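**Student:** So you can see what is in the structure, the chains are spelled out below.
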Amino acid sequence: MIPAMIKDIYDKQMIELKKLWANKRQLTYQVLNLAMIVFSALMIWKGLMFITKSESPVVVVLSGSMEPAFQRGDILFLDNSNPHVKVGDVVVFKIKDRDIPIVHRILKLHEKPDGSYDLLTKGDNNRVDDRGLYAPGQLWLSRDDILGQARGTLRYVGMVTIALNDYPVLKYVLVGMMGLFVLTSKEG
Amino acid sequence: KAVVHHYISIIMGKKKSSPKEEPPAEVEKPETEESVIELHQVDTGDIIKVKQVLDETVVSTLITTCDLKENHRLGNIKLILMAVACAFAAVAQFAPVPFPENRPLLGVCGTIYFIISGILQLILWFVDEDAIMITYPDESIKETKGLRVRTVFPRYTEFFTLMLEYEDNKELKKKGQKPVEFVKETWSVGNFFDVDGYFDAAGFDKAVARVYERFKKKQFDVEDDEFTGNNKQKKD
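First to last, the protein sequences are chains A and B.
Per the numbering used here, the first sequence runs over residues 922 to 1109.
Per the numbering used here, the second sequence runs over residues 703 to 938.
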């Protein structure tokens, strides 16, 4: 029953695609339409980057080191527009030459005479501060390492991102299906 | 799905009620023409698809049977706008300048992208509205103005309305010129789709051609052209 339905949908989509290929004007319109949908999403992301001044304005919490405040799978909204952070702020930072950002709280802060900061962070749920995580020989973070302060959160919504990351093939399946349906549907 | 089909077949009343019956009588023609005409099949519950099939047939009828030429000017404008918007978005996305430095570029390109995107949407809402095609003037009858072809298929009804008017009718209406010249006709989609969703393209082609004939002969409809699609003139 189900394989027959899938084959049916597949056949119908193939007919639509063949029709599309025959009419180049319509094909161009649908391709540009799809591109605009993709670009709209990208531009919204870039817009968020612009407004928050943060490299990564929305992140997903990957570990439980900030429980009970944040759980694995939470989405965090960041804002990097404040150059002056304080002890107690929840910040997301990246250690130089490492990919994965970390969300922890500022434990200690030293302001140097030239106005720059030395920062030490620690996860609420961890026993020790983050010195063990920093690069070898690094004792303090600087303001540049910080991607932003956490300003808002959505519980568990980030689980989808975690699934897509753990099983990358899901990404291609999802985008492929969405692309196919947009190309072959003509609601405009 | 069976429930939906049954419901639609009740609404579409006119066609045979038994779901097991063969496609409508028009299909018997192939035997005399010695070829098999493949009928397009649509899920009759998918109103978007139904309108799409009807719209496409209107366009192809007017172009092939009625010998009109499509005017692609507005379509080209839209395509160019889309391409330009995508170009700006691509620059914002792929420019090799790292983050904090490229903020001004992001701001400018992103804003331009959204402005063009907004313009496109406004065009769709206020210029296109319900029109599916604009044509060049019909040379065979020495027309000076092209056609604007509009269709309406409201969400929960079975009635599809086709309206043919001159391409400048909207401007004339704004200037308050009455009566405005148009023809319109409403059909129950049950006239052209059977219970299983097989589409009678030939029959619809004839129906559309008849509407254009009326337009050519200037037998304009004089009712108030409230184009709501609720016109219950059922023609067979």
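The set of hints was computed from the structure by calculation and includes no laboratory data.
Any given hint could be a false lead.
[As the list claims (entries may be wrong)] Each computed EDC-like pair below joins lysine to aspartate or glutamate, with the alpha-carbon atoms no more than 20 Å apart:
| no. | chain 1 | residue 1 | chain 2 | residue 2 |
| --- | --- | --- | --- | --- |
| 1 | A | Lys939 | B | Asp745 |
| 2 | A | Lys1029 | A | Asp1010 |
| 3 | A | Lys1015 | A | Asp1051 |
| 4 | A | Lys940 | B | Glu841 |
| 5 | A | Lys939 | B | Glu758 |
| 6 | A | Lys928 | B | Glu831 |
| 7 | A | Lys933 | B | Asp748 |
| 8 | A | Lys974 | B | Glu803 |
| 9 | B | Lys751 | A | Asp1051 |
| 10 | A | Lys940 | B | Asp745 |
| 11 | B | Lys918 | B | Glu841 |
| 12 | A | Lys1017 | B | Glu803 |
| 13 | B | Lys753 | A | Glu937 |
| 14 | A | Lys939 | A | Glu976 |
| 15 | A | Lys933 | B | Glu831 |
| 16 | B | Lys751 | A | Asp932 |
| 17 | A | Lys928 | B | Asp898 |
| 18 | A | Lys945 | B | Asp745 |
| 19 | B | Lys875 | B | Glu841 |
The model shown is predicted, which means the values in this text are computed figures rather than measured ones.
**Student:** Next step is simple, just say for each hint if it's right about the structure.
**Tutor:** Results of checking the hints against the structure:
no., hint, in the structure
1, Lys939(A) - Asp745(B), "holds (19 Å)"
2, Lys1029(A) - Asp1010(A), "holds (11 Å)"
3, Lys1015(A) - Asp1051(A), "holds (12 Å)"
4, Lys940(A) - Glu841(B), "violated (30 Å)"
5, Lys939(A) - Glu758(B), "holds (15 Å)"
6, Lys928(A) - Glu831(B), "violated (36 Å)"
7, Lys933(A) - Asp748(B), "holds (13 Å)"
8, Lys974(A) - Glu803(B), "holds (10 Å)"
9, Lys751(B) - Asp1051(A), "violated (58 Å)"
10, Lys940(A) - Asp745(B), "holds (18 Å)"
11, Lys918(B) - Glu841(B), "holds (11 Å)"
12, Lys1017(A) - Glu803(B), "holds (18 Å)"
13, Lys753(B) - Glu937(A), "holds (15 Å)"
14, Lys939(A) - Glu976(A), "violated (42 Å)"
15, Lys933(A) - Glu831(B), "violated (29 Å)"
16, Lys751(B) - Asp932(A), "holds (15 Å)"
17, Lys928(A) - Asp898(B), "holds (18 Å)"
18, Lys945(A) - Asp745(B), "violated (26 Å)"
19, Lys875(B) - Glu841(B), "violated (25 Å)"
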